[in-house]
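Protein chains: 6
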Amino acid sequence: MNISPVIEAFLKKALHEDIGKGDITTLAVVPKEHLSLASLTARESFVLAGLPFTEKIFKLVDKRLRFIKSKSDGERIKKGALIVQVKGRTRSLLTAERTALNLLQRMSGIATLTDRYIKCLKGLPVKITDTRKTTPGLRFFEKYSVRVGGGYNHRFGLFDAILIKDNHIIAAGDIKKAVKLARGNTSNFHKIEVETKNITEIKEALDTGVDTIMLDNMSVKQIRRAVEIIRNYNPDVIIEASGNMKLDNIRSVAEAGVDMISVGALTHSAGGVDISMNIRNL
Amino acid sequence: MNISPVIEAFLKKALHEDIGKGDITTLAVVPKEHLSLASLTARESFVLAGLPFTEKIFKLVDKRLRFIKSKSDGERIKKGALIVQVKGRTRSLLTAERTALNLLQRMSGIATLTDRYIKCLKGLPVKITDTRKTTPGLRFFEKYSVRVGGGYNHRFGLFDAILIKDNHIIAAGDIKKAVKLARGNTSNFHKIEVETKNITEIKEALDTGVDTIMLDNMSVKQIRRAVEIIRNYNPDVIIEASGNMKLDNIRSVAEAGVDMISVGALTHSAGGVDISMNIRNL
Amino acid sequence: MNISPVIEAFLKKALHEDIGKGDITTLAVVPKEHLSLASLTARESFVLAGLPFTEKIFKLVDKRLRFIKSKSDGERIKKGALIVQVKGRTRSLLTAERTALNLLQRMSGIATLTDRYIKCLKGLPVKITDTRKTTPGLRFFEKYSVRVGGGYNHRFGLFDAILIKDNHIIAAGDIKKAVKLARGNTSNFHKIEVETKNITEIKEALDTGVDTIMLDNMSVKQIRRAVEIIRNYNPDVIIEASGNMKLDNIRSVAEAGVDMISVGALTHSAGGVDISMNIRNL
Amino acid sequence: MNISPVIEAFLKKALHEDIGKGDITTLAVVPKEHLSLASLTARESFVLAGLPFTEKIFKLVDKRLRFIKSKSDGERIKKGALIVQVKGRTRSLLTAERTALNLLQRMSGIATLTDRYIKCLKGLPVKITDTRKTTPGLRFFEKYSVRVGGGYNHRFGLFDAILIKDNHIIAAGDIKKAVKLARGNTSNFHKIEVETKNITEIKEALDTGVDTIMLDNMSVKQIRRAVEIIRNYNPDVIIEASGNMKLDNIRSVAEAGVDMISVGALTHSAGGVDISMNIRNL
Amino acid sequence: MNISPVIEAFLKKALHEDIGKGDITTLAVVPKEHLSLASLTARESFVLAGLPFTEKIFKLVDKRLRFIKSKSDGERIKKGALIVQVKGRTRSLLTAERTALNLLQRMSGIATLTDRYIKCLKGLPVKITDTRKTTPGLRFFEKYSVRVGGGYNHRFGLFDAILIKDNHIIAAGDIKKAVKLARGNTSNFHKIEVETKNITEIKEALDTGVDTIMLDNMSVKQIRRAVEIIRNYNPDVIIEASGNMKLDNIRSVAEAGVDMISVGALTHSAGGVDISMNIRNL
Amino acid sequence: MNISPVIEAFLKKALHEDIGKGDITTLAVVPKEHLSLASLTARESFVLAGLPFTEKIFKLVDKRLRFIKSKSDGERIKKGALIVQVKGRTRSLLTAERTALNLLQRMSGIATLTDRYIKCLKGLPVKITDTRKTTPGLRFFEKYSVRVGGGYNHRFGLFDAILIKDNHIIAAGDIKKAVKLARGNTSNFHKIEVETKNITEIKEALDTGVDTIMLDNMSVKQIRRAVEIIRNYNPDVIIEASGNMKLDNIRSVAEAGVDMISVGALTHSAGGVDISMNIRNL
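Protein chains in written order, with the working numbering: chain A, 72 to 353; chain B, 72 to 353; chain C, 72 to 353; chain D, 72 to 353; chain E, 72 to 353; chain F, 72 to 353.
Please note that the accuracy of each hint is not assured.
Any copy, or any two copies together, can satisfy a pair, since identical chains are not distinguished.
[To be verified] Below, simulated DSSO-like cross-link-like pairs (lysine-lysine); rule was C-alpha separation at most 27 angstroms, straight line:
1) LYS262 / LYS127
2) LYS158 / LYS236
3) LYS142 / LYS247
4) LYS236 / LYS134
5) LYS190 / LYS83
6) LYS127 / LYS236
7) LYS193 / LYS130
8) LYS84 / LYS247
9) LYS127 / LYS292
10) LYS268 / LYS150
11) LYS268 / LYS317
Keep in mind the hints are simulated off the structure, nothing from the lab.
Chain A on its own, in the form it takes in the complex:
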C-alpha cells in the first residue's frame, strides 16, 4: 500500500506530538543497541483496520524495524490473537508504541462498529455510508476504516459533491431556487442531492429533478411513505436516509426500501478497541 506524502506528514506530526524532544525514559533506561521482539495482541475481539499505517509509524521512527504480520486489515480478530510482531531496536519499539497503538485502536474501533451495522442489514440491498462527522484532521483514516468495516464513503468533504441542506434552502429561499442555482452554477458532472424533512419538501425536490433525496431525521413510518412517493415519481432517484441511525432501528429503515443510510455514529461515537504491545528481549 502506498502511503501518500500528506498522510506521511500527518503520521510524522502525530509521532512528534508524543515524542517531542525525545523519549526521555527510554533514552535513559534502554541501551542503544538493545534488541527486542514486540508482539501486538488483541485484548478483545474486533475488526482490524489501520495496520499499514501502524507499520508506517514504526518505520518512521526506525526504518530498520522488521514487521511480521499475522493479520490484515478487514480481518475479524479474536480476543487474544496475535496481530503483528515488530523486531528491532528496543528504543525504537518503545518510542513508537503509543502513537501506533492509538491510531490502530481508533481505526479498528470504527471498522468494528461499521461491521456491526452491516451485520444488522444482512441480505438487504442497501449501502451504509459514513458522514462528515469525523475527528478534525483524521477524516482520511476514519473513512478508510469505514470501508474496511464494509461500509461506503459518502462525500469526503464540501468539495466533492453537491448536497443542499436545510441551511442552504433557507439562504436560497426555497428548494426550487436552490436546485436551480446549483445546476446553473456548476457543470453537470455532479449529482445533486437535497436534504428533506417532510413530504412537502420531498415533492418540491422531485419537481426540480434532483438525483438524490436525503430523508433527514424521519421516523420509519415517514420513511416508508417517502420511499413510496419517490419511487412512484421516478424510480431512478436515489434515496438516502440519515439522522439518529442506531443499531436497533437501522434494519427497519433499510427494510423501508432506501438505497443508502448514512450513520454519523460510525465515526463520532466509536470507542477504541483494546490492543497491547509486549516486548521480549532478543
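For this one, chain A is given, so just place chains B, C, D, E and F on it according to the hints.
Frame of chain A, contents of chains B, C, D, E and F only:
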C-alpha cells in the same frame, strides 16, 4: 485566549480537509453577500469545551464574522440552551460549520465524561488525570478538554516525565537497574515514576527511592494493600492507580487512598455530544 | 473574498521564490520611508482575473499598502485602462510587483481565452469546461480563471468525480466490467462517466447505464452520429465532447448537440496578457 | 540527478492537488495488484525537458515503479517517438499520469521555444536569457527548461543581482543617485546593471561606471546606436537588450551587437507540448 | 542513530538556506559525474559532537555519498586528526560542505566547552546542566552537544518542568502563593523548583515544601550558607546554583555542596571549532 | 519593518521549541488576566540588533501586547540602559521572554563584534564583510546583524555569486579551466571571483580576467605584494582578503590596500550580550 501558531496550523489543516478546493454547494447556491445569524444550540446536556477554538475556526474562514457567546468553556449546558451566535456572511458560516462543530462536539464530549468521573469522587482528595491514549494529532485539544472537565493532565508525551513501564523494566533487566539508569542519565529535575503490577514490584520500586509508584491494573483489594505498604515505607511517595478505571469502580479505588487515578477512557472512549447550527436570514 | 490558508501559503511561497533573502536592489536604492502611488495598467485588451489574489500578494509584503480598484474580476479591460492603484511604501510596491503581475497576467490570460471560446458558442445551450491539464500547483487559480471567463469547471482532480478513461478500461478488461466495479466499489452519490472513442464503445457504455459519456477525439461527423444514438437510447445521459477543441471547430461541435465541451487549451495554452506597473512619488 | 527537498516538496504538493483524498476511479476500477507497462510517447516534435522530475513524480506515488528511459533532457524528440516506459502497479501509473505529464509538457514547451530562439541566432556571439516573468511557484522548473533549451538564466530573483529599473530610478531621483546608493549600500561582489530607455539615460549610466546596461524596449535602430556609444565609451560594459523580443526580430537585435537578449516569452508564452501515456497489461 | 522527521526538516531548511536555487559555482565548474574523496580534518583540538547530523546533511544532498568515519561523537579529537571521509560525486560534496561544517563546528564547540567545565569539577558529586539560553531553533542540537560533552540537560523548554522564577513570584504575590498555585493547578508528577535570591526567599520556599531550590546569582559564600540551611531543613531538597558560572569560579561553587550547576555559557558563548574539508579527485 | 512570511515562520518555530504544549509554570501560577509592564535592560554595553524581531516574537505570542521602544537597531546601548518596555498580559510576557531575549542577545552580540572590527579600520577605504560561516537556519538574522553593526554582506549563499574556491579548482583541473567553465556556463550578470593562495595562482587568475581575487590565509606581507601585482595588472580588479582576520591584525591587512576583508568570526564566534527582563505589576 491566545491560540498558538501550532494550534492555528492544525485548525487550518482541519478546515482544508473539509473544504478542499471549495464548498461547491454553498458557492453555487448562496449569494456572495447574503448575511445570516447562526445559532449553535445544545441538543443534549453536557459540559462545554472548545469554544475559543470554535471561534478561531469561524474566524479563519472569515475574519469578519462576529461571535456572540452565551456560554463559556467549563459551563454545564442544558439541553436546548443557546451556546453562541455567529453573525456574518452566510457562505462563511456554512463553510465553517462542520469543522467547528466536529471539534466542539468531541471536546465537549471529553469534558463531559471527565465531569462524570469527577462527580463520582466528590469529597475525596484524589486527582483524576488523563493518559497518552489520545487521538493522534489532537492531544492538545483532548488534554485541554480534560482540564475543562475538572481533571488534571498526566504527562503530555514521552518528553516531559520519566515513567518506567513494564517494557522498560524488561529491557533494563529489573526495576532497580532501570531506576538507576534513569537517575544516572538525566539531571535530577524530573520525578521518577515506576509502573508496578504486584507487591513484589512495589517493594523493589520503593527500595530504589522512586518519587511515584503506579499501580497498574490491580483490584481494589490489591490497591488497598499496596497503599498501606507504600505509606508505611515513605508517606511522601505519590501513588497513582491506573488501568480499566470505570465510572462504577473508581470511587472505591479512590477510597483506597491513592493520590491520582489515570483514566484512558476520558480520551479514547468519549463520544461526541450533539450540537446543532441553524441559520436565520438577516 | 476570503483567501483560504492554503492559497495564502501558496502566495507566500511564490513571493519567497522571487524575494528570497531580500530585494537587494530596492533595499539599497529606495529609502525606507519613501512613498509612492503605483498604477497597474493594461497594455492590451483582455478579461481581468485574479485581482483579489494580486491584492493579497501586495498585502502579504506589506499589510499597510492601500488598494484602490478601478476594475473587478470578469470585466473586459480595454488597452490602456487603469486596473488598480496601490499606495504606500515604495519598497513594498517594488518588491511585490513581479510576483503580483506574473499571477495576474497568467490568470487574465486564461480568462481571456475562455471568453473567446464562449463567444464562439453564442446562443447555444452548451457548457465549456476546463480539464486537469493545468500547471502543477496552480490548478485552483487556473480553474478560478476559467469560471471568471465564463466557463465551467470539470472535476477538480482525481478525487471528486468518477471518469473511466481508456487506460482504466484496458486494466479492467472492458467497459462493462469497469463500470460494474466503479458502481460496486463506491457509494452512489457520484455520477459515472466513461470515455469512448467510437460507436461500439458508446453502445457498450450506454448498456451499463452510465450517467455521462465522453466522446474523445471524434470528428464533428462522428460526434453528430454519437449524439443521435445516445439521445435515442436515453435522453437523460449527458454528453461531453473532448479532444483538440479549437476556436475554429468548437461551434460545429456544439451545434452537433453535446451538453459540455472540455477544452485543455484553456489552461495549457493561454499566454499571459500584458500589464505594466508604474510608480509616481508621493 | 539530485532532487532537492524543496523541489520534492513542490512535487508532493502538485500530486496532492490532483489526487487529494484518493484517485476514486482507479481505486474502484483497477485491481490492487494489476501490473502494466506505460509508454510515454511524443504526439508532436519538441525538445525534451523535465524527465528527472517526471521520474520523481512517479516514484513519489510508488517507489517500486521502474523507469526505462529512451530519451534524455535536451534531446530533440520526433513526433511519434517513445520517450520513456514506466513499469509497475497500474494504480500507481494512472494516479501519477496527469501530474507527471502536466509538468513534462510545460517544461518541454519552454525548452522547445528556447531552442527556436537559439536557432534564429546561429553563429552570433550572443546569449539568450530568460526573465523573472515565470509562473508563480515554478521558476526553478522554468529556468531549468530554458537552460535545457540552450538558453541562459538571468537573475533568479530579486535577491541575486542588482538591476536598477525605471521605477527604482524614479524613487531614487535619477540614475546617478540610484547607482551611488546601490554601490554604497552593498559590498562589491555584485555587478550593477541599469535599465535605460534612451541615449540620455545610457550616457548617464555610463558615467556612473555600471557594469551592465539594459536597453529596454528600443527599436533595432536605437539598439545599434546605443551599442556604438557604449562600446566607444567602455568596451567592457555588458549590453543586454530586452522587451518584446520575438522570433522574427531577434536576429536583427543580435546583429546590432548586444551581448545578451532577455526574452520574457520563453516562460510566459510557451504552450505545452503534446505527450500521451498508454498502458499495456503485464 | 535515528534522525527524527522534525530534525530532518530542520536540516533540509538549513541546506536550502545555503543552496537556494542551486550552487551556481559548482554547477558551472564541476562536471556532473566527477568523483572525489573529501576529508574532514581538525584544525584544532576539541570534543567532537554532531557527526550523525553531518552525515545526514551530506546524505540529504546526495543519498549515494559514502561516509567513512574515523571518529565518533564524544571523542577528544587532536589537532590535525582525520574525522571522517566522504566519497562520491564532487558536486554533492561541495554543495553540502558549508552547511555540514557550520553545524559540526558549532556543536563541537559546545561539547568542548562543556568538557572544560566538567574537567574543573573532577571528583565532585555535582551535575553540570545547560539552560534555555540556546540559539533559537537549535535547542535540540545544542542540548545534545552538552550531553556529548558530559553535561546534563536542564528542562528542554517551558513545557517539561515547573520552575518558578522571580517574575512569576512578582505576578503571584509571593513564593507561598506561587507554589500553592503551581501545586493546585497541575497534577503531581512534576517536581516544583523555585528560584531564590537570598536566605529569606530560601526559607519561604522551604516552608512550601518545594522539591528543588535554585540559588540565583549568589556569591560562593552565600551559596555555602544556603546549602547549610537547606540541608538542615530537609536533606532531600535538590539544590541548583545558577548565574554567571565561569570556568574559574565553578569549582568553588561545586565545593559548596550544591547538586546541580546550570551554565548558560555552554550554549550562548561557545564559539565554533575549526574543521576543514579538502577533496582529492578519484 | 515588514517581516517576511519565511522569517515569521522561523520565529513561530523558535517559539514552539520553547513553549511546546504550553508554559506550564506560568499557566499554573499567573492569573489569566494579570497585567504587567516588562522592561528589557542592558546588563553590559553593546550595539543593539534585532529589536523588530523581538517585537514580532512578543506579538506572535499575543498580538495585544504593546511595545514602547527607547532604542533602535544600530544604537550603542550603555550598561543599565532601558531598551524597550512591553505592556500587557503577564502570561504572554513571561512565555515570550526567553525566545525573544535569546534572539536579541545573539543578534546584538554579532552587531557589537562587527562594530569593534569596524572601529579598528577607522579612516580606511575598506569594507568588512561576513562569510557563510553562520549558524544553520539563522543566516538571515546574522547577516542582518552584521549590517546593523556597520559591516557588509558577502554572498548570502551558494546561489547568488560565483566564487571559485580551492576545491573547485582541484575538481576543474586548474584556475584557467575553472574560470572558463564558469563563464561559459552562466550568463554574464555575475562577477567571477577566484580564491588564491599564492602569487602563482593570483597571476593565473588575472590572466583569465576575473572580476575579484580573494587572497586566502596570506600573511600581511604576502597581501601587500599581492595587492601590488594585481593593481599593476588591472586596477579594476577587486581584492578581498580572507582567513583568520582578528581584531589585532585586521588594520594592517586593510592598510595593505585590499578592497574587502571577510571575517568569519563575526558570526561564528560572537557571544551573546547580556539583557534582562523584569516585570512590574500593573
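Task: Intra- versus inter-subunit Cα pairing at 27 angstroms for LYS236 with LYS134 - done: For LYS236 and LYS134, only the inter-copy Cα distance (24 angstroms) is at most 27 angstroms; the intra-copy one is 47 angstroms.
Open item on the list: When Cα atoms must be at most 27 angstroms apart, do LYS142 and LYS247 count as within-copy, between-copy, both, or neither?
Closed with: Neither way: LYS142 and LYS247 sit 51 angstroms apart in one copy and 34 angstroms across, limit 27 angstroms.
Task: LYS190 and LYS83: within-copy, between-copy, both or neither at 27 angstroms Cα - done: Neither. Shortest intra-copy (36 angstroms) and inter-copy (37 angstroms) distances fail the 27 angstroms Cα cut-off.
Open item on the list: Please sort LYS158 with LYS236 into within, between, both or neither, judging by C-alpha distance up to 27 angstroms.
Closed with: between (51 angstroms within a copy, 19 angstroms between copies)
Task: Status of LYS150 relative to LYS268 across identical chains (alpha carbons, at most 27 angstroms) - done: between (43 angstroms within a copy, 22 angstroms between copies)
Task: Alpha-carbon proximity context of LYS127 and LYS236, limit 27 angstroms - done: Between copies, since 24 angstroms is at most 27 angstroms while 38 angstroms is not.
Task: Intra- versus inter-subunit Cα pairing at 27 angstroms for LYS262 with LYS127 - done: neither (36 angstroms within a copy, 33 angstroms between copies)
Open item on the list: One pair to classify: LYS268 and LYS317, alpha carbons no more than 27 angstroms apart. Within, between, both, or neither?
Closed with: Within. Shortest intra-copy distance 19 angstroms satisfies the 27 angstroms Cα cut-off; inter-copy 39 angstroms does not.
- [ ] Tell me, please, which holds for LYS84 and LYS247 at an alpha-carbon limit of 27 angstroms: within, between, both or neither?
- [x] neither (45 angstroms within a copy, 34 angstroms between copies)
- [ ] Measure nothing new, just compare the shortest in-copy and cross-copy C-alpha distances for LYS193 and LYS130 to 27 angstroms and report within, between, both or neither.
- [x] neither (39 angstroms within a copy, 42 angstroms between copies)
- [ ] Since the copies are identical, ignore which copy is meant and state whether LYS127 and LYS292 lie within 27 angstroms (CA to CA) inside a copy, between copies, both or neither.
- [x] Neither, since 48 angstroms and 41 angstroms both go past 27 angstroms.
The structure does not agree with the numbered hints 1, 3, 5, 7, 8, 9 stated previously, though it agrees with the rest.
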